[in-house]
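**Q** Fit chain B to the given chain A structure using the hints.
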Amino acid sequence: MTKQMITLDGNEAAARVAHKVNEVIAIYPITPSSPMGEFADQYSAEGQPNIWGSVPMVVEMQAEGGAAGAVHGALQAGALTTTFTASQGLLLMIPNMYKIAGELTSTVFHIAARSLAAQALSIFGDHSDVMAARNTGWAMLASNSVQEVHDFALIASAATLEARLPFLHFFDGFRTSHEINKIELLDEEVMRAMINDELVRAHRDRGLTPDHPVLRGTAQNPDVYFQARESVNPFYNATPEIVQNVMNKFAELTGRQYRLFDYTGAPDAERIIVIMGSGAETAQETADYLAAQGEKVGVLTVRLYRPFSVEAFLGALPSTTKSIAVLDRTKEPGGPGEPMYLDVVTAVAQSMADDNPPFAVFPKIFGGRYGLSSKEFTPAMVKAIFDEAAKAKPKNGFTIGINDDVTFTSLEWDNSFDIGADNVVRGIFYGLGSDGTVGANKNSIKIIGEDTDNYAQAYFVYDSKKSGSVTMSHLRFGPQPIRAPYLVNNANFVACHQFSFLERYDMLSNAKTGATFLLNSPYGPDDVWDKLPNAMQQQIIDKKIKFYVLDGYEVARETGMGQRINTIMQTGFFALSGVLPTDEAIAAIKYAIQKTYSKRGNAVVEANYAAVDGALAHMHQVKVPATATSTFERPPIIPDYAPEFVQSVTARIIEGLGDTLPVSAMPIDGTYPTDTTKWEKRNISIEIPVWDPDICIQCGKCALVCPHGVIRMKVYGQDKLEGAPETFKSAPARYKEFKDDLFTLQVAPEDCTGCTLCVEVCPVKNKTQPKFKAINMADQIPLREPEKANWEFFETLPQVDRSIIPVNQVKYSQLLEPLFEFSGACAGCGETPYIKLLTQLYGDRSIIANATGCSSIYGGNLPTTPYAQNDAGRGIAWSNSLFEDNAEFGFGMRVALDQRIEAATEMLRELREEIGSELADSILFAEQLDEAGINEQRARLEVLKTRIAEILPAAEKKSKLENLLNMADVLAKKSVWIVGGDGWAYDIGYGGLDHVLASGRNVNVLVLDTEVYSNTGGQMSKATPRGAVAKFAAAGKAAAKKDLGMLAVSYGSIYVARVAMGANDAQTIKAFIEAEAYDGPSLIMAYSHCVAHGYDMKFGLQQQQAAVDSAHWPLFRYNPDLEMEGKNPFMLDSRAPKISLDQYIYREGRYRMLTKSHPERAAKLLELAQGDVDKRWKQYSEMAQKNGNK
Amino acid sequence: MDLTTNYLGMTLKNPLVPSSSPLMRTLENLRAMEDAGAAAVVLHSLFEEQITQESHTLNHYLTQGVESYSEALSYFPEASEYKTGPDEYLEHIQKAKRSLDIPVIASLNGVSTGGWVKYAKQIEEAGADALELNVYYIPTDPHLTGNEVEQIYLDVLTDVKTAVSLPITMKLNPYFSSMAHMARNLADVGADGLVLFNRFYQPDLDLENLEVVPNLKLSTSTELRLPLRWIAILYGKVNADLALTTGVHTVTDVLKGVAAGAAITMLASELLRNGIGRLQVLKLGMEEWLEENEYESLAQLQGSLSQINCAEPAAFERANYMRVLSSYAPDYP
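If you read the protein sequences in the order shown, they are chains A and B. Under this note's numbering, the first residue of the first sequence is numbered 1, with each subsequent residue one higher. Under this note's numbering, the first residue of the second sequence is numbered 1, with each subsequent residue one higher.
So here's chain A without its partners, still in its complex pose (with noise of 0.2 Å):
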């Protein structure tokens, strides 16, 4: 057999095998596991047929909970069934697990180890997902690299049909997942021979059939249930050496040895770690690396962590063994240790009592903690823990990778120790994600992986943002197989790929000496030394830095790239590293071009091929000068006037600097200040909008969709000008209220994306050159300065008195202050709108319960958050809990407020004499109807607080005045908001939502409804509409969308409102007021374009118009207070179709997508689709013209 080797990354390493060895595939996206079951769909779409000849069924689920009954379902039905998931999602399938390990039922689950939300989500990999599903009873197998994954898929399929117990398969999430590694690949010889057809069938006769039936899930009784608990005790006891016997076969097959305890280092090692997951990979190079230095160290690895063979694991480790460190990657508080820490005492005091020992002396034995949400570690760390553990006492419980200053746990490690070989080339590349920097390194690793002898390794960092997002991409490649799960250190090359990071970032702290460095510059090799930070000079003349300029958007203007540099750099990166001879390079990019490209028509390829010719023209190496003359650093991060945790904490995460912020740094409890995107500038926008005074008027639609908060309206005095920067504007106010006042519309410059919805939305034109309206888009450049100057002169003048004015208009609306701001939501997004709206109207005293999705990511991934506070310090409070339940959490949050409510009632009461009867009535019977009600309602909270204070020290009932006290500001009226996307409300949430619009309660739902599950990067939910394209919907989707709107109608008692910003501001206006003042539950559906629908996101508004006019989202109000009147409660707020919905589709990637793809197919779901509208019109229209009661 010859062996293929291939350029790939975990994910797709795992899915590979998974898919061949499978029936059926129950799956739910979450990250980082995500791409396993996209894969698997792929393969399955292009009808690859697994080992057996048949094509696997994937079908995607609504949860994680349902991927597993599912799994479960199809088990007991007979199929070889998988599926992928990771960190909650493994949490959600822990109940089925339970039932399937205890029904010795054979499968695999893939997971893509991940954290879990604690004080905060993260999506990075640990182990702690993992280990809270150790005691199902599932055996549990670790993959340590992209190789191991792909064996480990296979073995673990082998033995669970063998061993009868079910295996979670699982490696780090990211770290290996995410890694593009070269590797050999399993052909399908391999796999038939591993995969015993005798023991598939065996799996397929135990499957429920009537043709013999039998029953499986009894109740059991006191009496029994014990007893068969422990009839399976000789699986486990039997399933390590079946599992060494099958690693010994695929040994016998691949040449690959693996054991379920594997030991590196020196025979006579004195010093072991023992650990699993990727850092063994490093464990064990630097454990060789110090063992060639004499050094008595050596590492266990542990592959085989459930069933846990005492013997196997005695049997592993050196009989010298003096000192065992064992390194967990997750955090159990409150234990003795960690788990696998655990385990090893047990093992070790377990065999030191036998009449053999395995060692003259009981070894010390000390756990620690690395790795968690990806945290690196790194050689240096390694040497940190062997050196620790020559200690006469060792640390217990030891951290390693952070500084621990608060309980100090934390060993210190040297970061200059290196083991990297010389031989390695490390490059490191800084990019943005718009200009396909990762791509184009994803290609380059594929070239240098599969077109010579190198072995290749990459990994990609991106920040948490995405607009405008950064993107690190750490390639390596050398003769030896690359086994370095850690970030490039000591690079051998350097790119920057966008001139603008020169001002962000350190960029070559990481070079070597000698290493070469390539700039994307507009600034030719004579120019560009003096626009660098002096400290760079400083850098490349001290590592005496080959430093390369190459012009890559000139090449890509030339070539009709737009922004997209990425062959352009990509050749300029392989003409300079040397990897293969220029020519064979350029020949093999276009062969990738062409690869990649060519389904997407010959145009794109040429292109390409043309900014690839182009490129090396452009190269020119730069002629170092032997000073650093550069009269410039770069800028201070954040002004030193921001608040003292912004400074310490915030602009260190910004910087990229995170990782050496110390515990003592970090909130105990994951709380946040709100308010702090303002001091975070990132200049991404090439271009921002410019106000013509002289023309607008004044009507606020570009605020209001302007996703990010940029653009600002106030009405002030004349007088308030005074102290105005020169280039400040305004015209007069075109309000009645406001006829003497001045009005001005302000843009901050620093933090506009430059998606240019403002500019679309705008009315007006001007009458001599009608291609410029009242709002344009200039070169932000220039502008900067003296906008920025403006801002800061705008947010001086005062904030309008929001009590005189009509809030319910559009133009009024936006004269209300955001509370969110400049947030990380892409360029155009549709979401953010509609919760600036929301914190406009009601964000002084809102709440958010928000579900994890996109807007949980822009509105609370560290290290900035959107959410701002007013003047008078109050805004938004927002949580984030979960993704399955986040009704249920704002319903909690309204029900403790309820009860709050009522016990600070009777508490006033109670207290109506020592507090005054005057002052308690008025704030008992206080109507709170509108804001200038509850505006007194908190006036008067305040002289209560104050009295309550006076009376204190003399008082009788002092417990209960302090209780009341505390309570008080809880009788200012609140709102609730529960804020989530349709894969939430429609999929996963959507049971609890429809309890808690059940329940009466108060709260006011917000489904921000992309129809896609943009979050996890486009797949498919029930919101998606019948004939899109999306993952798990290649061939467009089947079946129609749901009528959330409609179910919850039919509750009768439910305040429902579908909106789209786009096609009709003032009715989004009215329904969030009307909903906010429904004493009930309510649920507005807001259309919201998204990245995910496959067009230039200018036109978005448009589109929501689009969508409204064919009727695909008809706009509607349902108010059950209108009943109460005897009027007909339902008001829809659209006119009859004007447009076909193919006219509306068909302006969107995602349905033209499929008329490429599947002609026939698209015309059949337009057609189904076109009858799903008609039908729902009729019956929507039907329902308006009813009568009311009375």
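Among these hints, one or two may not hold up.
Chain B side only, calculated, beta carbon under 8 Å to chain A, not exhaustive [to be verified]: (1) 65; (2) 71; (3) 72; (4) 221; (5) 315.
To be clear, the hints were calculated from the coordinates, so they are not data collected in a lab. No residue lacks a Cβ here, since even glycine has one placed at the ideal position from N, Cα and C.
**A** Positioned in the frame of chain A, the structure of chain B alone reads:
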């Protein structure tokens, strides 16, 4: 009645040929045209510009937002195949050829030299009987001379003729300073036919919204005059078959066109407005008129009122203009 006519070396059963329009996009319509008596069909145009744009658009929405955020490294499933480029159009030719007995003439609108040639070859391979080159070109650059503009047409034709052996017909606009000379040049370079005239969609201005708006107005019979005149002038003087397009709506229009010298008369607006069934009405009406007026065949009529054959050749020249002006009497005193 013998209605046959020769066009691009093909004998057509009558002069009624539906021209390039959105109607040609479905096989169902093409079949209906054949059933209603169409002698050939000219398919809708393959636009190179559109192909290029679609390719870039597809690429744009497949790459938009990707590799930027760790949870969403892409937003769409990777389909194994997209029908981009001319595939759909070429398939349409193949299907049309399979299901029709009448000739199928493809239509191509190119941009680049490479594009014209590449797509012409593919169209030939797909089995089209002939190719109409739809040079929809508006010279807006004030530095571009008339000669240069003419050369663009001649170059395109030369390139395509060199690359394919299909009969080629050129669809022209009337805005040449010397139409007859241009027609002769094209015929000399190898045009097998000339289609007179392309009808440019003239954009309208929307004063309400201060916008230039595309505005498709269907033709009427009054627009017949321009091509009628030039067909009559060119008939017998250039070595290419003449096709009349624009303004053909009635039996009289068809007969006039043939009398002027057109080998075929092409219809689009009439079919869009009144349905494909109009072909049958026109065919019957033509037969009826020819019979009533005791013609032996349509060929007898063809070119009979062309400039070389008519009684008053000068009527197609300046005198015509003078006569119209002098015969014009205002409605008011």
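**Q** All hints, please: hold or fail.
**A** Taking the hints in turn, this is what the structure says about them:
1. 65: holds (4 Å)
2. 71: holds (4 Å)
3. 72: Interface hint status for residue 72 of chain B: holds (4 Å vs cutoff 8 Å).
4. 221: The hint is violated - residue 221 of chain B has no Cβ within 8 Å of chain A, the shortest such distance being about 31 Å.
5. 315: For residue 315 of chain B, the interface hint is violated, since the closest Cβ of chain A sits about 46 Å away, which is over 8 Å.
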